[in-house]
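A.B. asks: In the order they appear, the protein sequences are chains A and B. For what it's worth, my numbering labels the leading residue of the first sequence as 1, then goes sequentially. For what it's worth, my numbering labels the leading residue of the second sequence as 1001, then goes sequentially.
Some clues are possibly wrong.
As the list claims (entries may be wrong) - EDC-like mimics (lysine to aspartate or glutamate), calculated; alpha carbons at most 16 Å apart, straight line:
| no. | chain 1 | residue 1 | chain 2 | residue 2 |
| --- | --- | --- | --- | --- |
| 1 | B | Lys1033 | A | Glu107 |
| 2 | A | Lys218 | B | Glu1189 |
| 3 | B | Lys1133 | A | Asp17 |
To be verified - Now the stretches of chain A that chain B is said to cover, found in silico as 3 or more residues with beta-carbon under 8 Å:
| no. | region |
| --- | --- |
| 4 | 8 to 14 |
| 5 | 149 to 159 |
| 6 | 225 to 237 |
Claimed, not checked - Non-contacting residues of chain B with respect to chain A, defined by C-beta distances greater than 10 Å in every case (computed):
| no. | residue |
| --- | --- |
| 7 | Glu1178 |
| 8 | Ala1192 |
| 9 | Lys1193 |
These are calculated hints, taken from the structure and not from any lab test. Here a beta-carbon is modelled for each residue, glycine too, at the ideal position from N, C-alpha and C.
One-letter residues, chain by chain:
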Amino acid sequence: MKLQHTLGGLQGLGPVDFQKKVFVEAWETRIFGIHTAMMALSSHLDGSLPDYTMSDVPSTFKDIWTWADLRRGAEGISPFAYFQYRYYEKWLGGISGFFLEKGYITEDELTEFTEQYLKEGNMSTIPLPFKEEQGIDTQIIKYLEEGDSGRRTQQQPPMYQAGQKVKIADPDCNDHTRLPGYLRNKIGTIDLVYPDCYAYFPGPSDCLQTPQVSYSVKFEPKDIWGVEYSESGSTIYADLFECYIAGPA
Amino acid sequence: MTIPGDEMFSYSANRELESAAKVNALEALLIQKGVLSSSSVDKILDYFETRMGPFNGAKLVAKAWVDPEFKQLLIDDCNAACSQMDMPTGMSGAEGEIMRVAENTSTVHNLIICTLCSCYPWPTLGLPPYWFKDPTFRARAAREPRTVLQEFGLNLDDSTEIRVWDSSGQIRWWVLPERPAGTESMSEEELAKLITPEAMMGVAKVAK
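One chain only, chain A, in its complex shape (with noise of 0.2 Å):
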């Protein structure tokens, strides 16, 4: 059981932050920026539903990011270290990770120009390089408008019908799920089945590797932690796919 599948209904926890801004620090935006422009350049999308031709685009970025590989990274670390770190700590220790691992950067580049950038205690005022690349700018913004879609049109006849009742499915813990922990061997009833099959990003992610049919499936909180340990007058409903419901209940 890994802590970041299961945070849902996870006890003991303290006030909720009600900070409204996106970004809290100047610097979380670039961190943010950098993860956007990775997945606008990322090599899959040479198979996505939008017309990307990713040799056309003149950045030296060729691998694979999706939001699959940061959550990798995130629910690969220490629990411990999930709550400890903030989010968008999480998201730079990750991409920077991801880079050194990859060989774009080194080591020493990466302690080099940082000690360059934090001069005495402060942020010197050394600018960033100047080198553009409109043919990079352009796919990011192609990226943003048109996306990365999932629908696929194949048609798989669904297993589950609306209505039916249902049990969730309990597989083996590995690097990525889109299951919630917290539904695990529970019962719901399938609300919604939706149009057509859903594929998922590539890479390690339980049984999500074949477009499939996807489903709202609707749960009574009483059904999940117990008529004492729950809410009434609520219901709770999650989208799930298709390998992640065990069979008829």
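For chain A, the structure is supplied; the task is to place chain B on it using the hints.
C.D. replies: Using the frame of chain A, we list chain B on its own:
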């Protein structure tokens, strides 16, 4: 007083500064090595200031309030509703390819969460606020939505059913909040100004 194991959670006094320097270093290297253009990050940030943001969602909600047919379309097929309006290109783009709207009524209140990460409908709401990304919110809202909403200052009637939507799949969910009373004479533009990201994710109602 120090609790054994405190060292695990001790931070450098220069925590933010070190992150800022490191991200600058990373961006500088990526530009130098041709991964990014020097304007890539700025262009992305500008996109979320001007093209993708809660101002889009607010427009859609305001129109749904004044036009019952549009409201039904928004609920049945959010992306189709977006394409009918004069909205920026990209309303079915990144993190909005497949959006769905849950309608609040006098008897049903919807709350959107993402217990696995922080899935958020970029085209209609822009980028998620810190509260939505907060692991405490993500954990507690799944089990005790009514209590969490009270902590947000939203006290719902006991008879109101709360529907919590965990965005664990391909859908990017958001909420069509109720139109507040006393706004009958307001224009769509004036109505749109009342509608907050918090109301469009279900942790608040729209106030007049």
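A.B. asks: For Lys218 of chain A and Glu1189 of chain B, compute the direct alpha-carbon distance and say whether it is at most 16 Å.
C.D. replies: violated, 36 Å
A.B. asks: According to the definition I'm using, a residue is off the interface if its beta carbon is farther than 10 Å from all beta carbons of the partner; does Glu1178 of chain B meet that for chain A?
C.D. replies: Check passes; 18 Å lies beyond 10 Å.
A.B. asks: Within 16 Å, alpha carbon to alpha carbon, are Lys1033 of chain B and Glu107 of chain A?
C.D. replies: holds, 15 Å
A.B. asks: Take the C-alpha atoms of Lys1133 of chain B and Asp17 of chain A, compute the straight-line distance between them, and say whether it is at most 16 Å.
C.D. replies: holds, 9 Å
A.B. asks: Count the residues of the region 8 to 14 of chain A with a beta-carbon closer than 8 Å to any beta-carbon of chain B: does the count reach three?
C.D. replies: holds (count 6)
A.B. asks: According to a criterion of three or more residues whose C-beta lies within less than 8 Å of a C-beta of chain B, is the region 225 to 237 of chain A covered?
C.D. replies: Holds, because 9 residues of the region 225 to 237 of chain A bring their Cβ atoms closer than 8 Å to Cβ atoms of chain B.
A.B. asks: Are all C-beta atoms of chain A more than 10 Å from that of Lys1193 of chain B?
C.D. replies: holds, 16 Å
A.B. asks: Measuring Cβ to Cβ, find out whether Ala1192 of chain B lies farther than 10 Å from everything in chain A.
C.D. replies: It holds; Ala1192 of chain B is separated from chain A by about 18 Å at its closest Cβ, greater than 10 Å.
A.B. asks: If you count the residues of the region 149 to 159 of chain A with a beta-carbon closer than 8 Å to a beta-carbon of chain B, do you get 3 or more?
C.D. replies: holds (count 3)
Of the numbered hints stated above, the single one contradicted by the structure is hint 2.
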